[in-house]
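Residue numbers (numbering that gives the first Met the number 0), protein chains in the order written: chain A, 0 to 363; chain B, 0 to 363.
These are calculated hints, taken from the structure and not from any lab test.
Be aware that a few hints might be false.
A pair counts as met if it fits within one copy or between any two copies, since identical chains are not told apart.
Unchecked claim - No farther apart than 20 Å at their CA atoms in a straight line, the calculated lysine to aspartate or glutamate pairs in the EDC-like style are these:
#1 Lys315 with Glu166
#2 Lys341 with Glu166
#3 Lys348 with Asp262
#4 Lys216 with Glu306
#5 Lys357 with Asp289
#6 Lys315 with Asp334
#7 Lys171 with Glu223
#8 Lys341 with Glu306
#9 Lys341 with Glu237
#10 Lys348 with Asp275
#11 Lys348 with Asp304
#12 Lys2 with Asp289
#13 Lys120 with Glu237
#14 Lys357 with Glu237
#15 Lys137 with Asp254
#16 Lys208 with Glu239
#17 Lys181 with Glu130
#18 Lys243 with Asp262
#19 Lys208 with Glu360
#20 Lys317 with Asp353
#21 Lys317 with Glu332
#22 Lys171 with Asp289
#23 Lys361 with Asp254
#24 Lys260 with Glu180
#25 Lys341 with Asp326
#26 Lys249 with Glu223
#27 Lys315 with Glu332
#28 Lys317 with Glu360
#29 Lys317 with Asp352
#30 Lys357 with Glu239
Predicted, not measured: the structure shown is a model, and the values here were computed from it.
2 protein chains.
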Amino acid sequence: MNKNFYAVIMAGGIGSRFWPMSRTETPKQFIDILGTGESLIRQTFLRLNKICPAENIFVVTSEQYQLLTLEHLPELKPSNVLCEPVRRNTAPCIAYANYKILTKNPDAQVIVAPSDHIILKEDVFINVATEALNESGKHDCLITLGITPSRPDTGYGYIQIDEDSNEKLNDKILKVKTFTEKPNFEMATFFLKSGDFVWNSGIFIWSAKSIQRAFQKYLPEIDELFAKGKSMYDTSLEKEFIEKTYYICKSISIDYGVMEKADNVFVYQTDFGWSDLGTWVSLFDNSNRDENNNACIGSEILTYDTENSVIVSHNKNKLVVIQGLNDVIVVDEGDVLLICNKNNEQKIKDIVDDVKQKYNEKYI
Amino acid sequence: MNKNFYAVIMAGGIGSRFWPMSRTETPKQFIDILGTGESLIRQTFLRLNKICPAENIFVVTSEQYQLLTLEHLPELKPSNVLCEPVRRNTAPCIAYANYKILTKNPDAQVIVAPSDHIILKEDVFINVATEALNESGKHDCLITLGITPSRPDTGYGYIQIDEDSNEKLNDKILKVKTFTEKPNFEMATFFLKSGDFVWNSGIFIWSAKSIQRAFQKYLPEIDELFAKGKSMYDTSLEKEFIEKTYYICKSISIDYGVMEKADNVFVYQTDFGWSDLGTWVSLFDNSNRDENNNACIGSEILTYDTENSVIVSHNKNKLVVIQGLNDVIVVDEGDVLLICNKNNEQKIKDIVDDVKQKYNEKYI
Numbered sequence: 000m001n002k003n004f005y006a007v008i009m010a011g012g013i014g015s016r017f018w019p020m021s022r023t024e025t026p027k028q029f030i031d032i033l034g035t036g037e038s039l040i041r042q043t044f045l046r047l048n049k050i051c052p053a054e055n056i057f058v059v060t061s062e063q064y065q066l067l068t069l070e071h072l073p074e075l076k077p078s079n080v081l082c083e084p085v086r087r088n089t090a091p092c093i094a095y096a097n098y099k100i101l102t103k104n105p106d107a108q109v110i111v112a113p114s115d116h117i118i119l120k121e122d123v124f125i126n127v128a129t130e131a132l133n134e135s136g137k138h139d140c141l142i143t144l145g146i147t148p149s150r151p152d153t154g155y156g157y158i159q160i161d162e163d164s165n166e167k168l169n170d171k172i173l174k175v176k177t178f179t180e181k182p183n184f185e186m187a188t189f190f191l192k193s194g195d196f197v198w199n200s201g202i203f204i205w206s207a208k209s210i211q212r213a214f215q216k217y218l219p220e221i222d223e224l225f226a227k228g229k230s231m232y233d234t235s236l237e238k239e240f241i242e243k244t245y246y247i248c249k250s251i252s253i254d255y256g257v258m259e260k261a262d263n264v265f266v267y268q269t270d271f272g273w274s275d276l277g278t279w280v281s282l283f284d285n286s287n288r289d290e291n292n293n294a295c296i297g298s299e300i301l302t303y304d305t306e307n308s309v310i311v312s313h314n315k316n317k318l319v320v321i322q323g324l325n326d327v328i329v330v331d332e333g334d335v336l337l338i339c340n341k342n343n344e345q346k347i348k349d350i351v352d353d354v355k356q357k358y359n360e361k362y363i
Numbered sequence: 000m001n002k003n004f005y006a007v008i009m010a011g012g013i014g015s016r017f018w019p020m021s022r023t024e025t026p027k028q029f030i031d032i033l034g035t036g037e038s039l040i041r042q043t044f045l046r047l048n049k050i051c052p053a054e055n056i057f058v059v060t061s062e063q064y065q066l067l068t069l070e071h072l073p074e075l076k077p078s079n080v081l082c083e084p085v086r087r088n089t090a091p092c093i094a095y096a097n098y099k100i101l102t103k104n105p106d107a108q109v110i111v112a113p114s115d116h117i118i119l120k121e122d123v124f125i126n127v128a129t130e131a132l133n134e135s136g137k138h139d140c141l142i143t144l145g146i147t148p149s150r151p152d153t154g155y156g157y158i159q160i161d162e163d164s165n166e167k168l169n170d171k172i173l174k175v176k177t178f179t180e181k182p183n184f185e186m187a188t189f190f191l192k193s194g195d196f197v198w199n200s201g202i203f204i205w206s207a208k209s210i211q212r213a214f215q216k217y218l219p220e221i222d223e224l225f226a227k228g229k230s231m232y233d234t235s236l237e238k239e240f241i242e243k244t245y246y247i248c249k250s251i252s253i254d255y256g257v258m259e260k261a262d263n264v265f266v267y268q269t270d271f272g273w274s275d276l277g278t279w280v281s282l283f284d285n286s287n288r289d290e291n292n293n294a295c296i297g298s299e300i301l302t303y304d305t306e307n308s309v310i311v312s313h314n315k316n317k318l319v320v321i322q323g324l325n326d327v328i329v330v331d332e333g334d335v336l337l338i339c340n341k342n343n344e345q346k347i348k349d350i351v352d353d354v355k356q357k358y359n360e361k362y363i
């Protein structure tokens with residue numbers, strides 16, 4: 000394994016679109032959401048550990064999840080869990096981890112990945128990631144992994160490939176023309192037809208030096224904040240420094256702050272059975288279905304005259320019976336039962352907001 | 000209060016159409032199903048106690064529910080709870096209670112009522128029942144209370160009034176022409192239009208002597224069985240006698256065994272806001288509904304874009320959220336969650352049978 004290969008797992012999210020299974024106390028990444036026997040963060044760690052040694056893998060998460068992270072990843076040194084005192088989106092998270100890595104190894108080549116996605120074709124992923132990591136050592140570039148879209152999904156961001164550009168790292172790693180936000184259905188259909196667009200997986204590969212240069216150029220105030228800590232990383236002063244830094248640091252995503260602006264961004268178009276498992280419908284899409292096209296996840300679930308539904312219940316002592324309903328999401332999880340029309344699942348976010356208003360943090 | 004007035008509360012049912020709220024361990028009559036603060040059996044007892052003294056009220060139930068009955072009705076002497084060792088439908092239940100009452104008071108006038116119905120207009124009920132009880136002391140007759148139907152309900156039995164008969168007890172208590180089973184929708188619509196039909200409430204009023212004579216005539220084998228116990232009622236031998244008698248006694252309803260055959264049956268047509276609360280839809284019909292016509296029974300229920308549904312959850316620590324569904328029954332009760340299309344609630348019986356097959360008595 001290449002000792003210059005590093006990984007940063009971003010694990011600070013709270014997965015509110017997966018409520019009520021994902022809760023503030025145990026968000027989505029810490030749940031074995033597909034029932035495979037391993038939580039999503041553990042799957043992510045084991046996958047990346049096939050590319051990088053465990054001591055080169057860092058997890059950035061909220062202070063609240065420090066112990067939970069170590070429980071799920073006992074192979075990890077506690078010092079490799081970087082704790083954010085407040086949520087500040089992905090750019091500060093990456094800046095922090097990158098300075099830590101630069102301190103240890105200025106020649107580091109880094110893969111940055113969310114903790115809560117699924118990847119079904121692990122072999123393909125490992126080959127792709129390794130190739131991109133190798134390229135990142137040869138060029139000053141920022142590489143993102145783009146997934147060949149299979150449907151006009153409106154839940155993903157898209158990346159347009161610049162097919163005409165002469166700049167490319169190799170035949171598969173091409174220049175990016177534009178990043179786009181989540182499109183509406185018509186736009187997504189157009190993207191799919193055009194063939195130039197891929198899904199933005201949110202997985203990035205670069206050298207530590209390249210991304211630091213990009214921060215200097217596009218987010219100089221964030222770079223300056225974290226550069227001030229150089230003498231404090233890996234010392235007893237780090238914690239206090241990070242506390243102060245995060246509170247004054249602005250909240251911004253790496254996509255918006257760097258990737259959409261930089262002129263050395265490339266995309267590796269690939270397909271490794273990826274899903275961000277962002278929603279109940281994506282869970283449905285990624286689950287085994289019974290003869291009536293129901294995804295029944297958990298135990299003791301009986302369905303009658305019911306189709307195209309996703310039913311989740313992990314309480315082994317409880318029987319769930321559904322009769323005469325189609326296209327529903329049923330999640331019976333702890334102190335919340337959610338029953339939602341599967342065609343309206345974007346409403347779950349509003350419901351979570353409403354529940355917060357009514358009950359504060361209870362049930363969230 | 001007339002000391003000759005007695006009441007028999009039939010409380011041996013298991014309320015399987017109200018599963019999963021009604022369970023073998025705590026059937027419907029022991030549940031405060033409308034959330035009024037009192038179980039149905041307690042409501043029934045308190046209502047009848049306005050007509051009869053408490054010592055004249057008998058409850059016939061399964062041995063299994065003896066203690067539960069006394070918990071719900073602490074005013075009752077334990078010896079007034081008559082325990083059935085096995086379920087044998089209503090005729091043996093009434094024969095047993097009637098012999099007990101005859102032993103105490105040969106001049107008893109008796110009202111027999113199910114334990115799990117609701118009556119909204121209690122004053123009307125008390126007047127009607129008292130008048131019928133008084134009439135039962137003057138004539139050798141069997142009186143049943145018939146409810147003026149308000150809709151073509153297919154869940155009830157109907158009684159046809161013989162409008163042409165000269166036999167009548169008074170202007171309100173008329174001769175019965177026929178009893179009918181639960182009709183189909185067309186038949187029920189015809190019944191409603193004709194004006195001759197009333198709902199069979201299953202509440203009966205007669206003198207102890209009259210119903211005993213009717214047993215002698217129409218169910219002589221049952222009468223003989225219970226007559227043999229005359230010397231044993233209210234002695235230490237009663238329990239063993241009843242055990243033996245019930246096991247050899249046939250199972251038959253009072254309607255089929257006596258009422259449909261006897262020629263001295265009268266019906267008091269009335270309307271006291273009665274429902275047998277036989278099904279979830281009847282619960283829905285009898286509950287307060289919110290502005291979207293949902294009956295939300297219990298605590299912490301939130302509905303969004305949901306109409307005409309009945310949602311029952313009594314767990315105070317659980318939040319139930321329903322989005323984008325119409326005409327559903329949702330019951331989250333202990334170790335069972337049932338979600339059923341409200342238009343298919345007759346399927347619940349099949350579901351209960353299927354659950355029994357799969358899990359034996361668990362969940363039932």
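Hints, one by one, checked against the model:
no.: 1; hint: Lys315 with Glu166; in the structure: neither (56 Å within a copy, 63 Å between copies)
no.: 2; hint: Lys341 with Glu166; in the structure: neither (43 Å within a copy, 62 Å between copies)
no.: 3; hint: Lys348 with Asp262; in the structure: neither (35 Å within a copy, 67 Å between copies)
no.: 4; hint: Lys216 with Glu306; in the structure: neither (53 Å within a copy, 55 Å between copies)
no.: 5; hint: Lys357 with Asp289; in the structure: between (37 Å within a copy, 18 Å between copies)
no.: 6; hint: Lys315 with Asp334; in the structure: both (15 Å within a copy, 9 Å between copies)
no.: 7; hint: Lys171 with Glu223; in the structure: neither (34 Å within a copy, 94 Å between copies)
no.: 8; hint: Lys341 with Glu306; in the structure: both (11 Å within a copy, 17 Å between copies)
no.: 9; hint: Lys341 with Glu237; in the structure: neither (46 Å within a copy, 60 Å between copies)
no.: 10; hint: Lys348 with Asp275; in the structure: within (17 Å within a copy, 41 Å between copies)
no.: 11; hint: Lys348 with Asp304; in the structure: between (29 Å within a copy, 15 Å between copies)
no.: 12; hint: Lys2 with Asp289; in the structure: neither (45 Å within a copy, 65 Å between copies)
no.: 13; hint: Lys120 with Glu237; in the structure: neither (38 Å within a copy, 74 Å between copies)
no.: 14; hint: Lys357 with Glu237; in the structure: neither (39 Å within a copy, 58 Å between copies)
no.: 15; hint: Lys137 with Asp254; in the structure: neither (23 Å within a copy, 92 Å between copies)
no.: 16; hint: Lys208 with Glu239; in the structure: neither (25 Å within a copy, 92 Å between copies)
no.: 17; hint: Lys181 with Glu130; in the structure: neither (28 Å within a copy, 74 Å between copies)
no.: 18; hint: Lys243 with Asp262; in the structure: neither (32 Å within a copy, 94 Å between copies)
no.: 19; hint: Lys208 with Glu360; in the structure: neither (41 Å within a copy, 66 Å between copies)
no.: 20; hint: Lys317 with Asp353; in the structure: between (28 Å within a copy, 16 Å between copies)
no.: 21; hint: Lys317 with Glu332; in the structure: both (11 Å within a copy, 10 Å between copies)
no.: 22; hint: Lys171 with Asp289; in the structure: neither (37 Å within a copy, 59 Å between copies)
no.: 23; hint: Lys361 with Asp254; in the structure: neither (33 Å within a copy, 53 Å between copies)
no.: 24; hint: Lys260 with Glu180; in the structure: within (14 Å within a copy, 78 Å between copies)
no.: 25; hint: Lys341 with Asp326; in the structure: both (5 Å within a copy, 16 Å between copies)
no.: 26; hint: Lys249 with Glu223; in the structure: within (12 Å within a copy, 91 Å between copies)
no.: 27; hint: Lys315 with Glu332; in the structure: both (11 Å within a copy, 15 Å between copies)
no.: 28; hint: Lys317 with Glu360; in the structure: between (26 Å within a copy, 14 Å between copies)
no.: 29; hint: Lys317 with Asp352; in the structure: between (28 Å within a copy, 17 Å between copies)
no.: 30; hint: Lys357 with Glu239; in the structure: neither (35 Å within a copy, 59 Å between copies)
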